[in-house]
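First to last, the sequence lines map onto chains A and B. Going by our numbering, the first residue of the first sequence is number 1, and it counts up by one from there. Going by our numbering, the first residue of the second sequence is number 1, and it counts up by one from there.
It should be emphasised that the hints constitute simulated quantities derived from the structure, not laboratory data. Because the structure is a prediction, the values reported are computed rather than measured. Take these hints with a grain of salt, some might be off.
[To be verified] Label pairs and their in silico Cβ distance ranges:
1. A:LYS129 to B:MET249: 44 to 50 Å
2. A:ALA93 to B:PHE209: 54 to 60 Å
3. A:GLU88 to B:VAL289: 48 to 54 Å
4. B:ASP81 to A:MET205: 54 to 60 Å
5. B:VAL289 to A:ASN125: 27 to 33 Å
6. A:TRP87 to B:LEU285: 43 to 49 Å
7. B:LEU217 to A:ILE284: 34 to 40 Å
8. A:ASN125 to B:LEU217: 31 to 37 Å
9. B:GLU265 to A:MET158: 20 to 26 Å
10. B:PRO218 to A:LYS129: 23 to 29 Å
We put the CB at the ideal spot given by N, CA and C, even for glycine.
Take a look at the letters that make up each chain.
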Amino acid sequence: MASQTLTSPTPTPERSRKVRKGAASRPPGQRALVASPTTWLVWFAVAVFFVFLLGILVSVVVDSLGKSWFGSWLPEIFTTSWYAAAWERFGMAHVIGVTLLVAFSVIAVSVLVGVPAAYMLARRNFPFKRTISMLFLLPVLMPPITYGIPLATVMYNMGLGRTLLAVILVNLVPSVPFVIMTMTPFIEQINPAIENAARMSGASMRVVFTRILAPLLVPGILAAAVLVLVRTVGMFELTFLVSGPQSDTLVVAIYRAMTAAGGGESRPLISSMAVVYTATMMLILVVALRFISPTQLVARVKDSRDD
Amino acid sequence: MSSPRAAKSTASLRHRLAERGVDLSLLMLLPAIVFTTALFIYPFSYGIGLTFQPYPAVQEQFGGGVLANYRAFFTDDFLFDSVWLTMRLALPAALFNVLASIPVAFKLRHRFRGKKLLTTLLVLPITLGTVLTAQGLLIFAGRQGWLNNFLVQIGLVEEPLKLVNNYWGVMFSLIISGFPFAFLLISSYLSGIDPSIDAAARTMGAGWFQRFRRITLPLLAPGLATTFILTFVLAFSVFPSARLVGDAMGETRVMALMAYRAFGEQNDYPMASTVAVVMGAIELLVVAVVLLWRSFLYRGSTGGKG
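Make a model of the complete structure from these sequences and hints.
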């Protein structure tokens, strides 16, 4: 799957098919230079979106690097001291450690629990299948805070409140169904004949899983894991409800700094924290997107025809 | 296994069960079911039970016995208005994200130079997270931010616009975090539609609008419904941005904030659960309406999960 999206663009008959009307004078494969008005409009909208996005990003970065920035285009003095200050002030090493620990525990558990269930849903028919798939769908459909509040109440009653375990557990609630939902269509598109052949040659269920399915599932699992990672690191609502000073993840720590009593911490301090957060996330995502394409989870092999 | 008779009967039971799809491999479902039950079904039912055990203070103020929490929610304007305030944000945001993603996904469907880069850039906002988006909006679109600076300099507006700490601030943050998500989903649904259908219509002389209206849109509609639901869920539970870039006690006093206020600030767990349950009910209502509408649409192989 991964290699499919990365194949080099060889000239296929489909390429010349895209040549528009009135293009007879152009050699096949070349497009008209003047785009249609709708195309311009779309590009304009995308450009506006990017201006906003860049503005938001760059202004936070500039803010985190500047001193005494009021009303002018750029701050008067540039400094990196905010980063050092934020690192000390908020115990960033600990916070980042907690964030990564939570994220990777959630990934490991949700993949281990979710993939076998996705396999069963993709391949088998059994009684109450619809009910069970509905059960897995519900946590994804509900807004986190609706089940987060009762769940957090239960956790506080059990004395788990503000612990690392509670943070990991609440994050599993949307992650396990998410892995199931993304992996089920992925497993469906793997040809069952391969497994049947392996079984006929005498492989047990375990061997089928470890030797046949696992290699085929790796791209799907990686994609699901990246999405779970992004969701968990970015998950605010659920973590916020159960975490405490020792188990805050990065997002929650930033939020607490922004809303702390007495007007919150000073703005550049928070900006530098936010920059660290985003830089980490982007690094993860860019590295991940080099290897996988998240759309391959929903899209099937048809993609190649249109390329 | 001593008598052949017993062996036969167990084998036949196993066989009969296996014919219906029940065998030992179903155990693979067990961990997921246990997880979902322990961490979702149980707390949720517990929470619903909790809503019928109001604190004495609530009972005294609003009456209604075990239903005091619900009575409080529906009669206290401060609480009840949050339903409308939430809908006013979530519905337009979700609609905009879905509708705006369609043309963009369409234009980015074909292969061109830098497609991967552009897709990556469009997806990147997912990494920003609500908190950085909020911080960025406060700085960028604030009174002294670049956006207002620019608009004043080119003379488009005279006074700096008030774009944050109100309805629009939250709306912007919902679009910035929701649009990439909607785009990603819709473009994958779009790539699941067999292009040969479109090609066939083109051969028969259909124009682009006809092809879009008669071919692509019907095939895409189930995917659009799913995308709408997912973006709506995201927007409906908006909480950090409503507090950070919104007007937490006024225009953007959304339900999630009310629920959290009862939970974290007043420690009134039954009331917090009540707000959460009502939130879930309203959200499921919207989802049900969309799903009902979707059930009238074409259901078949679109390649996506539609």
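Verification of the supplied hints:
1. A:LYS129 to B:MET249: 44 to 50 Å: At 47 Å between Cβs, range holds.
2. A:ALA93 to B:PHE209: 54 to 60 Å: Roughly 58 Å apart at Cβ, these two residues keep to the hinted range, so it holds.
3. A:GLU88 to B:VAL289: 48 to 54 Å: Holds, at about 52 Å.
4. B:ASP81 to A:MET205: 54 to 60 Å: Given about 56 Å between the Cβ atoms, the range holds.
5. B:VAL289 to A:ASN125: 27 to 33 Å: holds (30 Å)
6. A:TRP87 to B:LEU285: 43 to 49 Å: holds (47 Å)
7. B:LEU217 to A:ILE284: 34 to 40 Å: Check passed, 36 Å falls within 34 to 40 Å.
8. A:ASN125 to B:LEU217: 31 to 37 Å: holds (33 Å)
9. B:GLU265 to A:MET158: 20 to 26 Å: Check passed, 22 Å falls within 20 to 26 Å.
10. B:PRO218 to A:LYS129: 23 to 29 Å: holds (28 Å)
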